[in-house]
Amino acid sequence: MGAATRDAFGEAIVRVGDDERVVVLTGDLRDSTRTEKFAEKFPERFIDVGIAERNMLGIASGLALSGKIPWAASFACFVAGRFETLRVSIAYQEANVRIVGTHSGIGVGEDGYSQMALEDIAGLRALPNVSIVNPCDSVETERAVEYLVDHVGPVFLRLTRQKVDDVNPEGYRFEFGKAPQMREGTDVGIFGTGATVQEAMKAADSLAEDGVSARVINVHTLKPFDEEAVLRAAADCRALVTVEDHSAIGGLGSTVAEVLAVGDGRAPLLILGTRTFGESGSAEELYEKHGISGPRVAESTRQFLEKLS
Amino acid sequence: MDAKTPPTADVLSRLTEIARELRIMDIEMISEAGSGHPGGTLSAADMVAALFFHKLRLRPEEPDWPERDRFVLSKGHCIPIVYAAMAKLGFFDPGLLKTLRKLGSPLQGHPDRTRLPGIEASTGSLGQGLSVAIGMALAGKLDRASWRVYCMLGDGEVQAGQAWEAAMFAPRHGLDNLCAILDHNQVQQTRKVAEILDIGPIVDKWRAFNWNVLDIDGHDMRQIVDALDEAESASGTPTLIVSRTVKGKGVSWMELEPEWHGKAPDPEQTRRALEELRGER
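Residue numbers (the working numbering), protein chains in the order written: chain A, 1 to 309; chain B, 1 to 281.
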């Protein structure tokens, strides 16, 4: 098992901190968001606003409008939940802010629902100008952070509290807006994003034992979305499956459904994600219970394919 | 602290005259648009005149001049009075004022920085502007810049929680390059502020938050100019100017009437309002 993507962010943000435009903000969560090292190395460019995330987002906007590259970090639910500030002070005025949301999804575990972002992608996806990056492992997170320094426009960077497998090789190149294929397959195309990419890989391993050939696609950029990856998979595979640590409504699954419904692609689609509020438990237990663990994805995919045949 | 030269009577009467012209342009603009918020624009007119024609260092021909002072209108619905000032200064062709709130116009109903050069922040969702202004002031401090940040808030607006998050933050970070102005015009959309949710004692509250608070008559040009000068020389903490004003100021039958928060005068009312503002009555 590798590190949590928030850990990788914490390392990468220190490295890009040599750029004097970079400013990091947090709301009393320098430990949880892994911004402590940045705070130690660049105290004059680190701002702890206290437990006041709306103010944090507004301040980040003003910094961006004055030429800084602010990274405003908190739990994903606390930044995405300050939606009205985000939509007017950041998205609408095209403020060049990086909104960093750690503790995304039910992977938060024991703290329970109030600390879990399960609707963040759904909300932010509707905002023009806002890009969404949800990396799946350490190396992808580090490359994404490096890329985002010079990216122009507001970005939501969605990170995990829990550790995730290293699924990408050293030397991996991050291409913003592209959904790389992690594994070739022709029976079914499984789309994962962030922490569920590793679950999609595990499901593909399990399906391979039954002779089912599963393609795995890593959607690290949820917006702008790589529509071609969906159309290619729809052309090559009998069915598509999406799996996300987020509500099954409004996130990755909905995005893929929109591409299929509006475009030329035709393929049956199974959307896996949360259908209820989250709850306390270990991340592993919750992934199992809510149907987004590798074994549960494999099982649901098998049933789906059986129903189709 | 620098001893300030008191503003001459000439300067003050010129600014008062400009404020009167801005009010006229404002009523013409809102009437032409057929919708808008005359009350809160008229209350802010004297302060806006003093800011744009006396205090702010701006280059209308170079709106993104890096050394400019920044002005954030947090009470974004009152932007027409600022559009009037910008047009008069030459930021854009005054002919554009006729397009306020019309499809395709850079003069949006609430300010949009992406459509109109010279607008520093897109606002309108109340309670947010002071945070954005604070971010600008922090950037100014990081860059050791000499430009200053001004932010005008409404009195109903400070009922919003985010405004208090911002109020708590700015003194803690010593942002003496920031001057907030509360246009305390006493009336919000549907009722008097004191009736809906009293914000008083407003001076005590902000002082308790360690702001340098100046309490003035916001229609007395000498007091306005003195307060803006004093804010500039305050050191170590931001200044809040509580500018006590009258909503609808200058058109007697609009004054302190919630009805004139958010509706445009009809042609006959426009004629009477302009007559009064032009002193023809």
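A few of these clues could be false.
[Stated by the list, open to error] What follows is a list of derived Cβ distance ranges for each label pair:
no., chain 1, residue 1, chain 2, residue 2, range
1, A, Glu110, B, Glu257, 29 to 37 angstroms
2, A, Glu170, B, Ala208, 53 to 61 angstroms
3, B, Pro267, A, Asp48, 31 to 39 angstroms
4, B, Leu197, A, Glu299, 31 to 39 angstroms
[Stated by the list, open to error] Keeping only pairs whose Cα atoms sit at most 27 angstroms apart, straight-line, the calculated DSS-like set for lysine-lysine is:
no., chain 1, residue 1, chain 2, residue 2
5, A, Lys178, A, Lys163
6, A, Lys307, A, Lys163
7, A, Lys223, A, Lys178
8, A, Lys223, A, Lys41
9, B, Lys55, A, Lys41
10, B, Lys141, A, Lys37
None of these hints come from the bench; they were simulated from the model.
For every residue, glycine included, the Cβ atom is placed at its ideal position computed from N, Cα and C.
Against the structure, the hints come out as follows:
no.: 1; hint: A:Glu110 x B:Glu257: 29 to 37 angstroms; in the structure: 56 angstroms, violated
no.: 2; hint: A:Glu170 x B:Ala208: 53 to 61 angstroms; in the structure: 55 angstroms, holds
no.: 3; hint: B:Pro267 x A:Asp48: 31 to 39 angstroms; in the structure: 55 angstroms, violated
no.: 4; hint: B:Leu197 x A:Glu299: 31 to 39 angstroms; in the structure: 55 angstroms, violated
no.: 5; hint: A:Lys178 x A:Lys163; in the structure: 24 angstroms, holds
no.: 6; hint: A:Lys307 x A:Lys163; in the structure: 35 angstroms, violated
no.: 7; hint: A:Lys223 x A:Lys178; in the structure: 10 angstroms, holds
no.: 8; hint: A:Lys223 x A:Lys41; in the structure: 32 angstroms, violated
no.: 9; hint: B:Lys55 x A:Lys41; in the structure: 38 angstroms, violated
no.: 10; hint: B:Lys141 x A:Lys37; in the structure: 23 angstroms, holds
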